[in-house]
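We have chain A already, so just place chains B, C and D on it with the hints.
Protein chains: 4
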Amino acid sequence: MGNLVYHRQFTVEWGHCDPAGIVFNSRFFEFFDWSAWLLFEKALGVRPSELGSAYGIVGIPLVDAQARFIKPAKFNDVADIASEVIEFRRSSFEVRHRISIDGELAVEGSETRVWAAQDPGNPVKLKGIPIPADVIERFRA
Amino acid sequence: MGNLVYHRQFTVEWGHCDPAGIVFNSRFFEFFDWSAWLLFEKALGVRPSELGSAYGIVGIPLVDAQARFIKPAKFNDVADIASEVIEFRRSSFEVRHRISIDGELAVEGSETRVWAAQDPGNPVKLKGIPIPADVIERFRA
Amino acid sequence: MGNLVYHRQFTVEWGHCDPAGIVFNSRFFEFFDWSAWLLFEKALGVRPSELGSAYGIVGIPLVDAQARFIKPAKFNDVADIASEVIEFRRSSFEVRHRISIDGELAVEGSETRVWAAQDPGNPVKLKGIPIPADVIERFRA
Amino acid sequence: MGNLVYHRQFTVEWGHCDPAGIVFNSRFFEFFDWSAWLLFEKALGVRPSELGSAYGIVGIPLVDAQARFIKPAKFNDVADIASEVIEFRRSSFEVRHRISIDGELAVEGSETRVWAAQDPGNPVKLKGIPIPADVIERFRA
Chain A
1 MGNLVYHRQF TVEWGHCDPA GIVFNSRFFE FFDWSAWLLF EKALGVRPSE
51 LGSAYGIVGI PLVDAQARFI KPAKFNDVAD IASEVIEFRR SSFEVRHRIS
101 IDGELAVEGS ETRVWAAQDP GNPVKLKGIP IPADVIERFR A
Chain B
1 MGNLVYHRQF TVEWGHCDPA GIVFNSRFFE FFDWSAWLLF EKALGVRPSE
51 LGSAYGIVGI PLVDAQARFI KPAKFNDVAD IASEVIEFRR SSFEVRHRIS
101 IDGELAVEGS ETRVWAAQDP GNPVKLKGIP IPADVIERFR A
Chain C
1 MGNLVYHRQF TVEWGHCDPA GIVFNSRFFE FFDWSAWLLF EKALGVRPSE
51 LGSAYGIVGI PLVDAQARFI KPAKFNDVAD IASEVIEFRR SSFEVRHRIS
101 IDGELAVEGS ETRVWAAQDP GNPVKLKGIP IPADVIERFR A
Chain D
1 MGNLVYHRQF TVEWGHCDPA GIVFNSRFFE FFDWSAWLLF EKALGVRPSE
51 LGSAYGIVGI PLVDAQARFI KPAKFNDVAD IASEVIEFRR SSFEVRHRIS
101 IDGELAVEGS ETRVWAAQDP GNPVKLKGIP IPADVIERFR A
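Residue numbers (the working numbering), protein chains in the order written: chain A, 1 to 141; chain B, 1 to 141; chain C, 1 to 141; chain D, 1 to 141.
Just chain A, same shape as in the assembly (with noise of 0.2 Å):
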């Protein structure tokens, strides 16, 4: 058994790039945060927008973020993007994101999101709470 993956594919577009006529690379970092929500809909069968009140969380922030860029996307390039949770940890995981163009791996991202709720001693503030087993369980496939 492995990592539930979640791929999609989209046309650089215009917008997307700079005056190299590549992808600017903070719109890497969009890419990867849609798919995660993506992955998270998939493996638990909720909207985005429904997560915090299926779960009893506020929602699923970024702690942490990078990319590694192998090779330019160029505009209308078909990339494809995988998505999968590498790891879970008490109460925070990792997604990784692959980005192909022509089967040749352009970008490798990754993200750290922590599975937060308010933090009842201070409700301007978000805590990590542990994820259930049986959220972890459906990201495996």
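These are computed hints drawn from the structure, not numbers from a lab.
Hints may be right or wrong, so weigh each one.
Note: identical chains are not told apart, hence a pair may lie in one copy or across any two.
Each computed PhoX-like pair below joins lysine-lysine, with the alpha-carbon atoms no more than 20 Å apart [as the list claims (entries may be wrong)]: (1) K127 with K74; (2) K125 with K71; (3) K42 with K125; (4) K71 with K42; (5) K74 with K125; (6) K127 with K42; (7) K127 with K71.
Just chains B, C and D, lined up with the frame of chain A:
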């Protein structure tokens, strides 16, 4: 007496530009939006984040935006944006933005915004309410 | 016979939305821009990145854009955008975009674009050139 | 002697923020990118748009970016970003960015960039070339 005009200068960033080497159109609407907030801060002496609570409104949502692109704005150009309310109506108003580069008009835009409160008959909706006369007065210079 | 209409559906992403929980206005102009390219691809059978070389033009730069925001688009809403050229002039044309959510019109926009070549008298400038009749013909359905 | 540090201040805009009312993660990578260009302008006395021609390079493309999100940045927060090159290698270097709000570190990021020229064996590719010693010297304060 004329309209209060809010000016700011900024430099066109690499990430603002598209493969043609010029500012991608959607960025201008970001520039307009932020200048509208800053014009209100200048006129009313209230920070953008406190505008709602200071005036008993939910905000100043946009109902119409437009831009005319006269000359391209290129990477590293120094832009001057001048913003003013050119018309107050009962519960809405029109903000005009003019972006100049090297003293020449490059982009002219306008936004129609509403002075909006919660709709008491339907709390998930907003409705325009009359703009106080003393608010309007503050936009005269 | 009517205008060729290009439709696509997309889901409103977390990163498209502002603190009011609705799509930030500049994002709609990104949606319009990409649909304009895709409408041309559908009509002419030419990929966006090859449009220039296929027709001896530099591109279809935007000279005017506007949007009317009728109903908010919220995180996770499924939007349908329908785009068509509603008028061809000698060397420019107007694209209309209508974004609907749950069958109701949420945003209506328009773009004026130019069929543009290098200006032979000044190679750093663009100028509109006549739109070929067979191009116009392809936008009829 | 230490590293030259480039500081700038900016206010968090409405359009930078997501439905949680805090800066959406991809925006931080825009902030980093622009500060990297400005750090080079300060160190070398060359405008970003002229960096390539001044040094016989194509640019300083990004090969790796990361950010650690320590405290949220909210609408209207005044942020200070401090940027410095913390390591020069033969043909690449690492830029560190620290964003503070009210004197507390909110986000820490780093970018690895390449001092890149056209690859003579393959003109559509870039390759790193040695960073001149006098360039490195200018990043000492």
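For K127 and K42, with the copy left unspecified, which applies at a CA distance of at most 20 Å: within, between, both, or neither? Answer is neither: 25 Å inside a copy and 37 Å across each miss the 20 Å cutoff.
Check K71 against K42 for me: Cα-Cα at most 20 Å, and say if that holds within a copy, between copies, both or neither. Answer is neither: 28 Å inside a copy and 29 Å across each miss the 20 Å cutoff.
With 20 Å as the alpha-carbon cut-off, assign the pair K74 and K125 to within, between, both or neither. Classified as between; 13 Å across copies, 40 Å inside a copy.
Have a look at K127 and K74 and pick one of within, between, both or neither, based on CA distance no larger than 20 Å. between (39 Å within a copy, 18 Å between copies)
Intra- versus inter-subunit Cα pairing at 20 Å for K42 with K125: neither (29 Å within a copy, 31 Å between copies)
Taking 20 Å as the upper bound on the Cα-Cα distance, should K125 and K71 be classified as within, between, both, or neither? Answer is between; shortest inter-copy Cα gap is 10 Å, intra-copy 39 Å.
For the identical chains here, do K127 and K71 meet the 20 Å Cα criterion within one copy, between copies, both, or neither? Answer is between: at 12 Å across copies they meet the 20 Å cutoff, but 37 Å inside does not.
When held up to the earlier numbered hints, the structure conflicts with 3, 4 and 6 and fits the remainder.
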